[in-house]
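Build out the structure end to end from the sequences listed, making use of the hints.
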Amino acid sequence: MHTSLYHESGLNAKLVMADKQIKLTIPAPQGPAKLISITNKLFEVTSAGVKPIPSLVEDRIDVSECTPFLAGMKYCTTLQYSDASSHDTAPYFPFTGDSKLAVELHPTGDVTEYTATIGYELLREGEEGGQKVDTVKMVLKAEGADPTATATVKYNRRKNVLTTDIQIPDFDLEAGIRLGVVDGNTKGNGIHSISFDLINKNIPQLSLVGRAKIEAMKDAMLQV
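Just so it is clear: in the sequence shown, position 54 is 54 by the UniProt record's numbering, and no numbers are missing.
One or more hints might be untrue.
Have a look at the derived ranges for each label pair, beta carbon to beta carbon [what the hints assert, rightly or not]:
#1 Leu198 - Lys20: 26 to 34 Å
#2 Lys14 - Ile53: 44 to 52 Å
#3 Met1 - Asp62: 34 to 42 Å
#4 His2 - Pro107: 41 to 49 Å
#5 Met1 - Leu162: 52 to 60 Å
#6 Leu11 - Thr77: 21 to 29 Å
#7 Leu79 - Leu198: 38 to 46 Å
#8 Thr135 - Lys100: 33 to 41 Å
#9 Gln21 - Pro52: 55 to 63 Å
Lysine to aspartate or glutamate pairs mimicking EDC-like chemistry, simulated, CA-CA at most 16 Å apart [to be verified]:
#10 Lys23 - Glu113
#11 Lys100 - Glu65
#12 Lys34 - Glu65
#13 Lys14 - Glu143
#14 Lys154 - Glu121
#15 Lys137 - Glu174
#16 Lys154 - Asp165
#17 Lys74 - Glu104
#18 Lys74 - Asp110
#19 Lys159 - Asp134
#20 Lys137 - Asp165
#21 Lys137 - Glu121
#22 Lys34 - Asp59
#23 Lys159 - Glu127
#24 Lys132 - Glu121
#25 Lys159 - Glu125
#26 Lys141 - Asp110
#27 Lys141 - Glu113
#28 Lys201 - Asp165
#29 Lys137 - Asp19
#30 Lys201 - Glu174
#31 Lys34 - Glu104
#32 Lys100 - Asp83
#33 Lys41 - Glu125
#34 Lys100 - Asp62
#35 Lys154 - Asp197
#36 Lys20 - Glu104
#37 Lys20 - Glu125
#38 Lys23 - Asp110
#39 Lys74 - Glu113
#40 Lys51 - Asp98
Simulated from the structure, these hints should not be mistaken for laboratory data.
All C-beta atoms in this analysis are idealised placements derived from N, C-alpha and C, irrespective of residue type, glycine included.
Following this line, the structure appears as structure tokens:
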């Protein structure tokens, strides 16, 4: 039996760095890409030479199907083998003949390229812009299709609050996490609190507050 494994991959990408921004561009594949292909072939080896053994013709299975994977991309599987389970005298798989398993990525033609953009910006919020907020925003987009995913991370220097926001309109997903110090002005001994909020479409779904109390650097208490 002769078994072959085949894999092919290739990636073309362009990285552009500008003022406080990085953009990665990956062109969409122009043709199918074989992630993996496994084939089995049977041969008869004798003193006269080597010749292939024909597969069982009856109950031959040949299945191909494709499933959406990413925007502008679908993965396809191909399965070929001889099912000899109905024959008592037939050998077991994989000795029933030639077989093949292949997994490929096929472009749909809807997307021309994929882009990922990461940018930084210092914002000023609150009254008279007195609060400095560091903002990092990442945008994933499939050019030529609607799906766009956006992730934003903000850190308020004055309030010591870190917030994240993820939006994927195509999947109706809008979620975020807020982590911050409740009493950032507390110094030394006393009660220190940290809050954790899970947000969905600007509506808090889960809120946790952890409190730690330290007295004279000897006694401590932790409460959630």
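Going through the hints against the structure:
no.: 1; hint: Leu198 - Lys20: 26 to 34 Å; verdict: holds, 30 Å
no.: 2; hint: Lys14 - Ile53: 44 to 52 Å; verdict: holds, 50 Å
no.: 3; hint: Met1 - Asp62: 34 to 42 Å; verdict: violated, 20 Å
no.: 4; hint: His2 - Pro107: 41 to 49 Å; verdict: violated, 32 Å
no.: 5; hint: Met1 - Leu162: 52 to 60 Å; verdict: holds, 58 Å
no.: 6; hint: Leu11 - Thr77: 21 to 29 Å; verdict: holds, 22 Å
no.: 7; hint: Leu79 - Leu198: 38 to 46 Å; verdict: holds, 42 Å
no.: 8; hint: Thr135 - Lys100: 33 to 41 Å; verdict: violated, 51 Å
no.: 9; hint: Gln21 - Pro52: 55 to 63 Å; verdict: holds, 58 Å
no.: 10; hint: Lys23 - Glu113; verdict: holds, 13 Å
no.: 11; hint: Lys100 - Glu65; verdict: holds, 14 Å
no.: 12; hint: Lys34 - Glu65; verdict: holds, 15 Å
no.: 13; hint: Lys14 - Glu143; verdict: holds, 15 Å
no.: 14; hint: Lys154 - Glu121; verdict: holds, 10 Å
no.: 15; hint: Lys137 - Glu174; verdict: holds, 15 Å
no.: 16; hint: Lys154 - Asp165; verdict: holds, 9 Å
no.: 17; hint: Lys74 - Glu104; verdict: holds, 8 Å
no.: 18; hint: Lys74 - Asp110; verdict: holds, 11 Å
no.: 19; hint: Lys159 - Asp134; verdict: holds, 12 Å
no.: 20; hint: Lys137 - Asp165; verdict: holds, 9 Å
no.: 21; hint: Lys137 - Glu121; verdict: holds, 8 Å
no.: 22; hint: Lys34 - Asp59; verdict: violated, 27 Å
no.: 23; hint: Lys159 - Glu127; verdict: holds, 14 Å
no.: 24; hint: Lys132 - Glu121; verdict: holds, 10 Å
no.: 25; hint: Lys159 - Glu125; verdict: holds, 11 Å
no.: 26; hint: Lys141 - Asp110; verdict: holds, 13 Å
no.: 27; hint: Lys141 - Glu113; verdict: holds, 9 Å
no.: 28; hint: Lys201 - Asp165; verdict: holds, 10 Å
no.: 29; hint: Lys137 - Asp19; verdict: holds, 14 Å
no.: 30; hint: Lys201 - Glu174; verdict: holds, 5 Å
no.: 31; hint: Lys34 - Glu104; verdict: holds, 4 Å
no.: 32; hint: Lys100 - Asp83; verdict: holds, 13 Å
no.: 33; hint: Lys41 - Glu125; verdict: violated, 68 Å
no.: 34; hint: Lys100 - Asp62; verdict: holds, 9 Å
no.: 35; hint: Lys154 - Asp197; verdict: holds, 14 Å
no.: 36; hint: Lys20 - Glu104; verdict: violated, 38 Å
no.: 37; hint: Lys20 - Glu125; verdict: violated, 20 Å
no.: 38; hint: Lys23 - Asp110; verdict: violated, 21 Å
no.: 39; hint: Lys74 - Glu113; verdict: holds, 15 Å
no.: 40; hint: Lys51 - Asp98; verdict: holds, 13 Å
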